[in-house]
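Asks: Given next are the chains, with one letter for each unit.
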Amino acid sequence: DTAVSQTPKYLVTQMGNDKSIKCEQNLGHDTMYWYKQDSKKFLKIMFSYNNKELIINETVPNRFSPKSPDKAHLNLHINSLELGDSAVYFCASSQDFASGRAKNIQYFGAGTRLSVL
Amino acid sequence: TQLLEQSPQFLSIQEGENLTVYCNSSSVFSSLQWYRQEPGEGPVLLVTVVTGGEVKKLKRLTFQFGDARKDSSLHITAAQPGDTGLYLCAGAKTNAGKSTFGDGTTLTVKP
Chain D
1 DTAVSQTPKY LVTQMGNDKS IKCEQNLGHD TMYWYKQDSK KFLKIMFSYN
51 NKELIINETV PNRFSPKSPD KAHLNLHINS LELGDSAVYF CASSQDFASG
101 RAKNIQYFGA GTRLSVL
Chain L
118 TQLLEQSPQF LSIQEGENLT VYCNSSSVFS SLQWYRQEPG EGPVLLVTVV
168 TGGEVKKLKR LTFQFGDARK DSSLHITAAQ PGDTGLYLCA GAKTNAGKST
218 FGDGTTLTVK P
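Protein chains in written order, with our numbering: chain D, 1 to 117; chain L, 118 to 228.
For the record, the hints were derived by calculation from the structure and aren't laboratory data. Source: prediction; values computed, not measured. Wrong hints could be hidden among the right ones.
[Stated by the list, open to error] Here are the simulated EDC-like pairs of lysine to aspartate or glutamate, each with C-alpha atoms no more than 20 Å apart in a straight line:
id, chain 1, residue 1, chain 2, residue 2
1, D, 36, L, 155
2, D, 44, L, 158
3, D, 41, L, 171
4, L, 210, D, 85
5, L, 210, D, 38
6, D, 22, L, 220
7, D, 41, L, 122
8, D, 40, L, 134
9, D, 40, L, 184
10, D, 44, L, 155
11, D, 44, L, 200
12, D, 41, L, 220
13, D, 40, L, 132
14, D, 9, L, 220
15, D, 41, L, 132
16, D, 41, L, 134
17, D, 9, D, 38
18, L, 187, D, 85
19, D, 44, L, 220
20, D, 9, L, 122
21, D, 41, D, 58
22, D, 36, L, 200
23, D, 40, D, 24
24, D, 41, L, 158
25, D, 40, L, 155
26, D, 36, L, 158
[Unchecked claim] Reference excerpt, derived from the structure (chain D facing chain L, CB under 7 Å, subset only):
id, residue
27, 42
28, 54
29, 57
30, 60
31, 64
32, 71
33, 83
34, 84
35, 86
36, 87
37, 105
38, 109
Cβ coordinates follow ideal geometry from the N, Cα and C atoms, glycine included.
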C-alpha cells in the first residue's frame, strides 16, 4: 500500500481553469503538507495542516486553497490557473510538526505534474 | 535569500569515484535531514541528524552534522549508477512546524 498517494499524477489544463489535486496518507500521521517544486528542482513549502488545522501558509496566492476534511486527507484547489503555476506539486505527511527526533520526518507522495497551457 | 545552500548544484562522475555534497546555512537547526529524489518520484528520507558533530553511516553514504548545527555534508564512497538522483537537505527548527529545503544537488554517476 502506498503511504502517501496523490491524484492525479499528471494534470494538463488551460489558463484560467480551476483544478484540484487530492492527497491521502495511511500512516496515521497528524501533519500534512503541500510543496511546490519548480523547474530548478527547488522544493518550497506552501501549506501545512496539523489535525485538520492550518498551521503554515507561506505567502501563497489566495487562488490556492487547501482543504483538510480529516487528518488523513489534504486537498489543494487552484482557481484561475496561470502559466507560472506549472510545476510539480508534492504532498507529504509527518507524525507531528514538532521538531522531535523523528516526529517531523516527512514522507512524500510521488507528485502531481501540473502543466498550464 | 536561500536559507540552505547546497554545493555543488550539479555533479557528474564515473562509477567508483568518491564525492561529497555540502549543505550550508547561517542558521542553527535542531535537526537536519537528507533526502534523495529520483525522476518522477517524491523525495525519500535517507537520514536525520540531530546532534552537533554527529556522524551517521548508511552503507557507502556518510552523513555529518556540523558542530554548530549550521551545516552538513554527505559523502558517498565508490559511487554507483544507482546513486544517481537529486539530493536534498532539509533543516528544521524547534517547533517551527516546517522544514526548509536546500536547493538540491543533482548527481549523475556514469557506468
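Asks: Hint by hint, note whether the structure agrees.
Replies: Hints versus structure:
no.: 1; hint: D:36 <-> L:155; in the structure: holds, 16 Å
no.: 2; hint: D:44 <-> L:158; in the structure: holds, 16 Å
no.: 3; hint: D:41 <-> L:171; in the structure: violated, 28 Å
no.: 4; hint: L:210 <-> D:85; in the structure: violated, 28 Å
no.: 5; hint: L:210 <-> D:38; in the structure: violated, 24 Å
no.: 6; hint: D:22 <-> L:220; in the structure: violated, 26 Å
no.: 7; hint: D:41 <-> L:122; in the structure: holds, 13 Å
no.: 8; hint: D:40 <-> L:134; in the structure: violated, 26 Å
no.: 9; hint: D:40 <-> L:184; in the structure: violated, 30 Å
no.: 10; hint: D:44 <-> L:155; in the structure: holds, 17 Å
no.: 11; hint: D:44 <-> L:200; in the structure: violated, 24 Å
no.: 12; hint: D:41 <-> L:220; in the structure: holds, 7 Å
no.: 13; hint: D:40 <-> L:132; in the structure: violated, 25 Å
no.: 14; hint: D:9 <-> L:220; in the structure: violated, 23 Å
no.: 15; hint: D:41 <-> L:132; in the structure: violated, 24 Å
no.: 16; hint: D:41 <-> L:134; in the structure: violated, 25 Å
no.: 17; hint: D:9 <-> D:38; in the structure: holds, 16 Å
no.: 18; hint: L:187 <-> D:85; in the structure: violated, 32 Å
no.: 19; hint: D:44 <-> L:220; in the structure: holds, 9 Å
no.: 20; hint: D:9 <-> L:122; in the structure: violated, 29 Å
no.: 21; hint: D:41 <-> D:58; in the structure: holds, 18 Å
no.: 22; hint: D:36 <-> L:200; in the structure: violated, 24 Å
no.: 23; hint: D:40 <-> D:24; in the structure: violated, 26 Å
no.: 24; hint: D:41 <-> L:158; in the structure: holds, 12 Å
no.: 25; hint: D:40 <-> L:155; in the structure: holds, 14 Å
no.: 26; hint: D:36 <-> L:158; in the structure: holds, 14 Å
no.: 27; hint: 42; in the structure: holds, 5 Å
no.: 28; hint: 54; in the structure: violated, 11 Å
no.: 29; hint: 57; in the structure: violated, 11 Å
no.: 30; hint: 60; in the structure: violated, 13 Å
no.: 31; hint: 64; in the structure: violated, 16 Å
no.: 32; hint: 71; in the structure: violated, 15 Å
no.: 33; hint: 83; in the structure: violated, 22 Å
no.: 34; hint: 84; in the structure: violated, 19 Å
no.: 35; hint: 86; in the structure: violated, 16 Å
no.: 36; hint: 87; in the structure: violated, 14 Å
no.: 37; hint: 105; in the structure: holds, 6 Å
no.: 38; hint: 109; in the structure: holds, 5 Å
When held up to the earlier numbered hints, the structure conflicts with 3, 4, 5, 6, 8, 9, 11, 13, 14, 15, 16, 18, 20, 22, 23, 28, 29, 30, 31, 32, 33, 34, 35, 36 and fits the remainder.
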